[in-house]
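In order, the protein sequences belong to chains D and V.
The first sequence begins at 3 in this note's numbering and counts up one residue at a time.
The second sequence begins at -13 in this note's numbering and counts up one residue at a time.
FYI, nobody ran anything at the bench for these hints, they're computed from the structure.
Glycine residues also receive a C-beta, built at the ideal position from the N, C-alpha and C atoms.
You may find that some hints are simply not true.
So the derived label-pair ranges between C-beta atoms look like this [claimed, not checked]:
| id | chain 1 | residue 1 | chain 2 | residue 2 | range |
| --- | --- | --- | --- | --- | --- |
| 1 | V | GLU55 | D | HIS307 | 46 to 52 Å |
| 2 | D | ASP99 | V | GLY7 | 54 to 60 Å |
| 3 | D | PRO60 | V | GLY7 | 24 to 30 Å |
| 4 | V | GLY7 | D | LEU341 | 41 to 47 Å |
| 5 | D | GLU140 | V | ASP45 | 50 to 56 Å |
Below, simulated PhoX-like cross-link-like pairs (lysine-lysine); rule was C-alpha separation at most 25 Å, straight line [to be verified]:
| id | chain 1 | residue 1 | chain 2 | residue 2 |
| --- | --- | --- | --- | --- |
| 6 | D | LYS221 | V | LYS16 |
| 7 | D | LYS256 | V | LYS75 |
| 8 | V | LYS(-11) | D | LYS298 |
| 9 | V | LYS16 | D | LYS54 |
| 10 | D | LYS300 | V | LYS75 |
| 11 | V | LYS90 | D | LYS233 |
| 12 | D | LYS130 | V | LYS90 |
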Amino acid sequence: MAEHFETDAVIIGAGPCGIFSVFELGLLDIRAHVIDILDRPGGQCAELYPEKPIYDIPALPIVTGAELTQRLLEQAKPFKAEFHYNQMVTELAKQPDGRFLLKTDGDLSFLAKIVVVAAGGGSFQPKKPPIPGIEAYEAHSVFYSVKKMETFRGRDVLIIGGGDSALDWTLNLQPLAKSLTLLHRRDEFRAAPDSVNKMRELVAAGKMQLKIGQVTGLKGENGVLAAATVKGSDGSIFDVTTNAMLPFFGLTMKLGPVAEWGLNLHENLIKVDTEKFETSTPGIFAVGDINSYPGKVKLILSGFHEAALMAQEAFHHINPGQRLVFQYTTSSTNLQKKLGVA
Amino acid sequence: MAKITFIQHNGTEIETNGIPGMTVMETAIKNQVPGIDADCGGACACATCHVYVEAEWTDKVGARNPMEEDMLDFAFDVRPESRLSCQIKVSDALDGLRVRVPEKQF
């Protein structure tokens, strides 16, 4: 659904540095919208290591990725940023009035006075298994996500993987597929035990098949898949009939559209200065893992520092000529009011 | 120092000096070995540092841990000698280790 927003700042990326940018900008009365390709906040902390402890966040001797995200959201809450998930920013262009127009793949558009790229390692995208010739089938027969369940009605569906995505879609698509095969490299599943049990019941009832092995090749013509060749865990080679294959191998990070926004890059990272963390385009900033400068250390805490300095220049960009009086949250009633504690 | 050799898909061999205590993945990154992506930086959370341990080394390197076994579900073309290189600690006992890098991590 097409929607348009006008705002002070758009932050690309809802990872720790993106969320902390909401806070730092908020203290200077800069309102922000945050856009992320994932379906939830946290970025790598949510996708790669939600339950794994981080030991180098100042003052938090041990914190998980999920908890750090929650704490940052709580800290940024007074500033009421709007978060837009499942959206990839595809276009970013400067307008004649000096503002920036951003468009997403989900039909959202934004006009913003400043932009903060806090995109980490880039956008998370589904891993595509390097099966020879797989690209030829991607338009018709190979899918990395389910956008519409109807696409799979009446088809011979092959789902590959052992996690929640693979098991959830197995259970959801089984009733409408002509046939459904779940293929996994071992007879153990990371997915929720309840889903695994339900899958095994369907197999026992003869309503779907479970195969243990890995795909080695694809057969088909003119972009239409006919079968996947599988090497079984016992070394046997067999074909699984399918014209709709869904591999679920998790997500990987790709720089994605960031490379097309005319910003100076260095080894796929955005070059910034170390005073304002501004890119080669004034008004566009980059913080966190996505930026590059001499001596850069890819730590979450570096991104926090960068966000604080970025916000100072963002203020000047939005309010040219206006003096910014530096204030501490410990003593400034003005800041405490913004935080809702005074 | 422990010599660790990364064999590329095309047969090219890259010799590195591993420092005991570091992981094989970190050794690869430090030496800019192509094909070891290590998206997650060593948290055993991405399966993009997948290697095949050469047969004569599999015993010395040891078995996969359960977290690594789960994570290998996200790797492609997993074989009995598959390991995630972030889960192999360099030690003097591994001096001479040879691992093969898959054609593509993903």
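**Item:** 25 Å Cα cutoff - pair V/LYS90, D/LYS233
**Value:** The hint holds at about 19 Å.
**Request:** Note whether the CB distance of D/GLU140 and V/ASP45 lies within 50 to 56 Å or breaks it.
**Result:** 41 Å, violated
**Range hint 41 to 47 Å (beta carbons of V/GLY7 and D/LEU341) holds or violated** = 44 Å, holds
**Request:** Decide if the proposed pair is consistent with the structure: D/LYS221 and V/LYS16, CA atoms, cutoff 25 Å inclusive.
**Result:** This hinted pair is violated, its Cα atoms lying about 40 Å apart.
**Request:** Could you see if the CB distance from V/GLU55 to D/HIS307 stays within 46 to 52 Å?
**Result:** Given about 38 Å between the Cβ atoms, the range is violated.
**Restraint status (C-alpha distance of D/LYS130 to V/LYS90 at most 25 Å)** = 10 Å, holds
**Request:** Mind checking the alpha carbons of D/LYS300 and V/LYS75 for me, to see if they're no more than 25 Å apart?
**Result:** 22 Å, holds
**Item:** Range agreement (Cβ of V/GLY7 with Cβ of D/ASP99, hint 54 to 60 Å)
**Value:** 56 Å, holds
**Request:** Measure nothing beyond the straight line between the CA atoms of D/LYS256 and V/LYS75; if it is 25 Å or shorter, mark the hint as holding.
**Result:** 28 Å, violated
**Given pair status - D/LYS54, V/LYS16, alpha carbons within 25 Å** = 24 Å, holds
**Request:** Can you let me know if the beta-carbon spacing of D/PRO60 and V/GLY7 is within 24 to 30 Å?
**Result:** Once the Cβ atoms are compared, 25 Å apart, the range 24 to 30 Å for V/GLY7 and D/PRO60 holds.
**Message:** Holds or violated: V/LYS(-11) and D/LYS298, Cα atoms, limit 25 Å.
**Reply:** 29 Å, violated
The structure fails hints 1, 5, 6, 7, 8 (numbered hints given earlier, in ascending order).
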